[in-house]
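Undergrad: The primary structure of each chain is shown beneath.
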Amino acid sequence: MNIRIHEGGSAGAEVTRRSFLRTGTAVAGGMAALAAALSPLKDLNPAEEFSIEKFIQKHYKEMTPDDMKGALDRIAREVEHRYKVRPEVRDMRPKAGVEFVYALNLSRCIGCRKCVYACVEENNQSRAPEIQYIRVIEMPRGTLDLEKGNHHYERPTVPDADHFYMPVQCHQCANPPCVKVCPVEATWQDDDGITVIDYDWCIGCRYCEAACPYWARRFNFVKPEIPEADINKDMGYLSNRPRPKGVVEKCHFCLHRTREGRLPACLEACPTGARKFGNVLDPKSEVSQILKTKRVFVLKEEVGTLPRFFYYFDERYPRSLDPEAKQVALSLGYTPGAGGWTPPAGDPARAEVSR
Amino acid sequence: MSAGKTSLVLWLIGPAFLGVAAYLALASPPADIPIGEMKIIARDAIRGGAWREAKVDARGVVAGSDRPCSECHKLFTTPPGENKALVQHKDIVMNHGMNTRCLNCHDGDDRDKLVLHDGTTVSYSDTPRLCSQCHGTVYRDWQLGTHGKTLGSWDVKDEKHRRLTCNECHEPHSPAYRPMQPLPAPTTLRMGDQSLPKQHHGKESPLRRRSASPHDAPAHEDAPKNNEPAKHAPTEAPKEPAKPAEKGGGQ
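Going line by line, the protein sequences match chains A and B. If you count the first sequence from 1, position 78 lands on 78 in the working numbering, and the numbers rise without skipping. If you count the second sequence from 1, position 72 lands on 72 in the working numbering, and the numbers rise without skipping.
Honestly, the hints are just simulated from the structure, not real lab data. From the three backbone atoms N, C-alpha and C, an ideal C-beta is built for every residue, glycine too. Don't take every hint at face value.
Claimed, not checked - Derived coverage of chain B by chain A (criterion: at least 3 residues anywhere in the stretch with Cβ under 8 Å from a Cβ of chain A; other residues may be distant):
(1) 93 to 107
(2) 165 to 179
Said to hold, decoys possible - Using C-beta positions, here's what the derived DEER-type ranges look like:
(3) B:V9 - A:A37: 19 to 27 Å
(4) B:A3 - A:H81: 25 to 33 Å
(5) B:T6 - A:D67: 49 to 57 Å
(6) B:V93 - A:R86: 23 to 31 Å
(7) A:C205 - B:T6: 38 to 46 Å
(8) A:V27 - B:A3: 44 to 52 Å
(9) A:T64 - B:Q181: 47 to 55 Å
(10) B:Q143 - A:H59: 44 to 52 Å
Said to hold, decoys possible - Each computed EDC-like pair below joins lysine to aspartate or glutamate, with the alpha-carbon atoms no more than 16 Å apart:
(11) A:K61 - A:E154
(12) B:K39 - A:D198
(13) A:K223 - B:E37
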């Protein structure tokens, strides 16, 4: 043999039988290592998982109307290929002057989980493995400590007399930790307060899932499984179009419904009217009235996320606003003032009452 | 390192990688994530809309008839002072607190109407006016939109925005909500599932990852309670004084 190769800096060394075999084995080993590293790709189905169009698609905010039209067409094609139904995929943008807020009446919630499954059906969530945006936590009386709650409860009937029920879903925070940690800006807060995810941009790092203090985000470990007959054909780009494997999803206040004036699916399925939804910028809206007249609270206030999801126990007005209480107070000789009601002289409550 | 040792290492690296590649390509287990079973939820159980069908007019109350109430009640009258055992309308279960007289709400003279305390008659579709006589605080909440269910649109200015009336959720004769069967508990990957086997490929099943946590202890402690004589059974429930639907309602 008369071949000369460069080997390890000693230029011009003779190729012996030994060095040829040694180098050859090392090269074959390197190739094998490469093949081993790429071997997970053998599980991919090129027809479904990969398309050039999706690969070169721009970020949602950089897409022109034509780009978006192409993307919606591609999604409709993919859904039709996989589920044999032609969906109507739309890109719904936020309306000006609207900021969505959810309010949930804990006195009325009975823990029936109808909201959970209405959400699953509306939003084309995976049925196996199950992906659910709403967790209904059964809380023992006398605590608001979520660690004492249980979302696996199975009972012949609900509500149980010794528990109350607290559904938790995405709180659409005004200060969302999930958005801050996303390394690729695949999730952001829209103008109407809804934090959305571009499933085509998500890289599946799950940082957001870890950052969320409400445990509201879900990861598609495998390809979602949805029966063809149950596909909801009314789809939004940022909301309920079927997700691929390896991306994160979460509640989006049913934005494909709510951005055109309709109500979220969980609210429509609630048998007790415990769920209330609306525009907090409209003082006449139901949620504005709740924030005004009910004693509302947010979950994990101390983490500073400023949720747009409020809980309340259904009580009467604060007494200062209650016209009946006003009449009662007047008849008892209380006098109204800037700081509240002053009891008449000699009233034992005088020392303490401020309102 | 001597030349001999280096060459020995180089001799070994190649076959080692070849072995790994062959294993991964031919014998590696497929990515196996337990996915659980698909649940079938009846679409009826999660349909949107009003919880019950409200009577909008006084027709067809008696099974098999589509006639207005007044047609029969021309003949059959109800004495206002006493509650006789019902001959018709036996399906009606009265469970409305101290409000036990038919003619408290139904007009004795015009059977197709309801009646207020002052004798004004109102139609069947106008129940909030009737109920508000006793349930003032709930009525006020309902007017503001903080009690009850809304359908159509979240926008109060939208004509599709419709607030359900009292009897579209509450059965007027026994208005408290009956306890209902909850839909199945989640088996989501991170949420765990009590019914799945503990072992999965010789390790603790990821579906059960959280199931051993103290979170679930209350469920097990409570479980025997549910098997006690039907304390929460639907038929018994309306007799309980604590009516979830009536909290906050002024009597």
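Undergrad: Hint by hint, say whether it matches the structure.
TA: Quick rundown of the hints versus the structure:
1. 93 to 107: With 0 residues closer than 8 Å to chain A, the segment 93 to 107 of chain B misses the three-residue bar; violated.
2. 165 to 179: Check passed, 3 qualifying residues.
3. B:V9 - A:A37: 19 to 27 Å: Because 21 Å falls inside the window, the suggested range holds.
4. B:A3 - A:H81: 25 to 33 Å: violated, 59 Å
5. B:T6 - A:D67: 49 to 57 Å: holds, 55 Å
6. B:V93 - A:R86: 23 to 31 Å: Given range 23 to 31 Å: violated, Cβ gap about 48 Å.
7. A:C205 - B:T6: 38 to 46 Å: Given a distance of about 40 Å, which is inside 38 to 46 Å, the answer is holds.
8. A:V27 - B:A3: 44 to 52 Å: violated, 19 Å
9. A:T64 - B:Q181: 47 to 55 Å: Holds, since T64 (chain A) and Q181 (chain B) (Cβ atoms, about 51 Å apart) stay within the stated range.
10. B:Q143 - A:H59: 44 to 52 Å: At 46 Å between Cβs, range holds.
11. A:K61 - A:E154: This hinted pair is violated, its Cα atoms lying about 44 Å apart.
12. B:K39 - A:D198: Judged against 16 Å, a Cα distance of about 28 Å means the pair is violated.
13. A:K223 - B:E37: holds, 15 Å
In summary, the structure is inconsistent with hints 1, 4, 6, 8, 11, 12 from the numbered list given earlier, while agreeing with the others.
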